[in-house]
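*Asks:* Just so you know, the sequences run in chain order A, B and C.
All letters in the first sequence, in the order written, are residues 49 to 546 by our numbering.
All letters in the second sequence, in the order written, are residues 46 to 257 by our numbering.
All letters in the third sequence, in the order written, are residues 85 to 167 by our numbering.
What the hints contain is simulated information worked out from the structure, not anything from laboratory work.
Any given hint might turn out to be false.
[Said to hold, decoys possible] Distance condition first, Cα-Cα at most 30 Å in a straight line; then the derived DSSO-like pairs of lysine-lysine: (1) Lys232(B) with Lys138(B); (2) Lys213(B) with Lys229(B); (3) Lys482(A) with Lys196(B); (4) Lys482(A) with Lys82(B); (5) Lys232(B) with Lys196(B); (6) Lys229(B) with Lys120(B); (7) Lys138(B) with Lys482(A); (8) Lys213(B) with Lys196(B); (9) Lys196(B) with Lys208(B); (10) Lys482(A) with Lys229(B); (11) Lys82(B) with Lys196(B); (12) Lys82(B) with Lys213(B).
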Amino acid sequence: MSATLPSRVIEYAKPITDMDNLDIRLRADASSRQVALRAFAFAVVWLIVGSVFGMLASLKLHMPDWLVSNAALTFGRIRSAHLNAMAYGWASSAMLGVSVWIIPRLVHTELRVPRAAEAGLYFWNIGMVLGIVGILAGYSDGLEWLEMPRYWADPFFVIGGGLVGLSLLSTIAVREVEHLYVSVWYIMAAFIWFPIIFVVGNWPTFSGVESAAVNWFYAHNALGLWLTPVCLAAAYYFIPKILGRPIYSYQLSLLGFWTLGFFYSLNGMHHLIGGPLPTWMITTSIVASGLMIIPVMAVGVNQHMTLNKRFGALRYSPTLRFIVFGSVAYTLVSLQGVFMAFREVNRLTHFTNVTVAHAHLGLYSFVTMIMFGSIYYILPRLLGREWVSERLISWHFWTVAIGQIVYLVPLTVAGMVQGVAMADPTSTWEQVVKAMLPGLIGRSVGGTLLTIGHCVFAYHVFLMFRGSRSRQGLQPFHEVAPIITRRDKATFVARGAA
Amino acid sequence: MTRIWLLLIGVLAIIVFATSLLVVIPNTMIGNVRVPKQLAPYTPQEARGREVYVAEGCVYCHSQQVRDPVYTSDKARGWGPRATVPADYIYDKPHQLGTMRTGPDLINIGVRQPSEQWHHTHLFNPRSLMAWSIMPAFPYLYTVRDSSSIKPGEISYSVAGGKLPPGKVIVPSPDADALVAYLKSLKRTYPVPIGDEPTERSIGGRSEHTMP
Amino acid sequence: MLPSSLTVMLAITILGLLTVAAFGWAWLKGHFDRINQQALIPMDDDDFTVARPWENASQRAQRVEEFGPPHRPATPGIWGGTQ
């Protein structure tokens, strides 16, 4: 048969799918559909809101007399609103959606107590609104990453996260698989770790340097024990799935998981190097930061070797493009972080824009890109239709990819110059400020590109939800018997023919 | 792994360990930090000023810590005669140590800049004093009035640099006064008792900060 | 009161030994025996057998050899895999 057809035609031998597995996937998706779709909708709204705050903050840094007549628009409040809207609004909502979608698939059973998960999502977003309004109204708790008012906004996050966690853990408890895949470990761990660190971080009795230690114990763990695990879980699921090859070394992923937990959780004090804390605490964090090389290389090697010789896939799969970008960024930002934790380097990078750029390399290039990729994969399967336009996806990818480079490179360079200027006691503060100004302007340009990309993405998601017919006539690809289009007819070999 | 509880125990152990090491153990040691005799608690006005400092997000550009002079230039820059120690922050709730220096460190600003006139005009518009400054302006903390309308005993300031039309002055709001009172209270220059000398020189732990 | 660095070192050593013990117990109990199978959990037959447009001939041949004859790709457009 193959001898008579052009080589680019692939023979079709058996029905497209294994009925049992399809049944499991359809049931899993159907059970998580309601919660996941709403989570992604909230996430995209917060992405736009957070982008607006980010642009305001960035522009205000080099246009400091712009929009100053109202206290709610002052830089200090807008910047804090940006961080919280992005970290807890965009990233966390997207992560909640990804988690409730992935877990049923990996444990081969429907999501349990989905109403709890849905309620949790609403609680979370009520907390978000209260928190952002609180910050803009001047009620910040004063701790970075913990600004939302602890008594009347934060409880919503504990309840909301707890309800979603309850739903996930109930589902895992009645799993129909014998083994737990690594993504399940990461997600389960994240949902256990987050409420604990959130409550500890917000505990109201700490003052002085102790409150600083608790503050950064929480903030770094929000990155390492909440945002990172769920994004790694997504990467560990989507990369093998799309490539059609299992993870290169499952043993490495075991090692990566446990070392991530042990070492990441001790990193927090590296935000206070040189500060008024006992040396032993700071040194512990520096050592733990150095040891982070182990889980980071485990993840990096695993993902690179899985992708090995198949990088062509990036041309075809938008999901893979975003997720691989994110995975590479994870390795980069972690290695950067290891170096920045050493005192000799920290002496020059602490208090500078290098830290800001580093934070965005992690939160944007890693977390956000992986969430974009996940959404590009999940939405078609939940909505039963393909993305409307390949071009919109391409525009999204390229504007944010270029936007990140325009953002991060000038800001890092400016930060280094700033650090060197600050380290020289004879330099004036005017020189320090002038050193960082080009980076601040570059960041605004990059941020504008990112915002444009987000608008493209949000528009595309809106079209998807609305149900516009795919302009390319692409068929929903989860159907068992795909309809043959005119384009296919010329090259199609009848299904089932031997 | 099939045993879910093994995973759960491991996950909890990790976070309990980290919390013990970085939160609980320091907490039990904090009782040994002696309240410095030379450091007074904040007055109600200064405390209110600190709340304004927190609400406006000053911490996002200003730090409040002088680092070890052995490997940083904080002291050489004139930000303090010594590195700051835990005792300096005993009345600070929440801390405002900061992680960014778009602007200079402020822990000793009360020593460097005791002038209320300077602080008020600076807060009203930083560029009235330094054209290159990128600090936000805080005009909403002030009322702009005609200088002729100022009654005797009322405090007002004129603002240079062309940031106010001629004949106008600014009158600080209570919050502005409180904020300036707080800034003026930021002085941590009293000597630290022997044994509390901060140093990060010996990473082996021979000399620790105040906590034993 | 012990010097804090000694406390830290003791705490870390004891907990580290406990961790190694837990790991050793898990190993001896056979938790790591079929570990490579666990890597296959997210994969379905389609994921293995559907032909990928980016694979070269030898990779495709290897796929046929391991998993059997290929399926048609789910959709010619945006490649998101099978399901």
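*Asks:* Indicate, hint by hint, whether the structure satisfies it.
*Replies:* Now for the hints, and whether the structure bears them out:
Among the hinted pairs, Lys232(B) with Lys138(B) is consistent with the structure: their alpha-carbon atoms are about 17 Å apart, no more than 30 Å. Note on Lys213(B) and Lys229(B): the hinted pairing holds, with a Cα-Cα distance of about 26 Å set against a maximum of 30 Å. Between Lys482(A) and Lys196(B), the direct Cα distance comes to roughly 42 Å. Violation of the 30 Å bound is thereby established for this hinted pair. Between Lys482(A) and Lys82(B) the alpha-carbon distance is near 41 Å, which puts this suggested pair outside the 30 Å criterion.
The straight-line distance between the Cα atoms of Lys232(B) and Lys196(B) is roughly 33 Å, outside the 30 Å bound, and the hint therefore fails. The straight-line distance between the Cα atoms of Lys229(B) and Lys120(B) is roughly 19 Å, inside the 30 Å bound, and the hint therefore holds. With a C-alpha separation of about 33 Å, the suggested pair Lys138(B) and Lys482(A) falls outside the 30 Å cut-off, and the hint is violated. Between the alpha carbons of Lys213(B) and Lys196(B) the distance comes to roughly 14 Å, so the proposed pair stays at or under 30 Å and holds.
Between Lys196(B) and Lys208(B), the direct Cα distance comes to roughly 23 Å. Compliance with the 30 Å bound is thereby established for this hinted pair. Taken as a hint, the Lys482(A) and Lys229(B) pair is honoured in the structure, with Cα atoms around 27 Å apart against an allowance of 30 Å. Between the alpha carbons of Lys82(B) and Lys196(B) the distance comes to roughly 41 Å, so the proposed pair goes past 30 Å and is violated. Distance restraint check for Lys82(B) and Lys213(B): the Cα-Cα separation of roughly 44 Å exceeds the 30 Å cut-off, and the hinted pair is therefore not satisfied.
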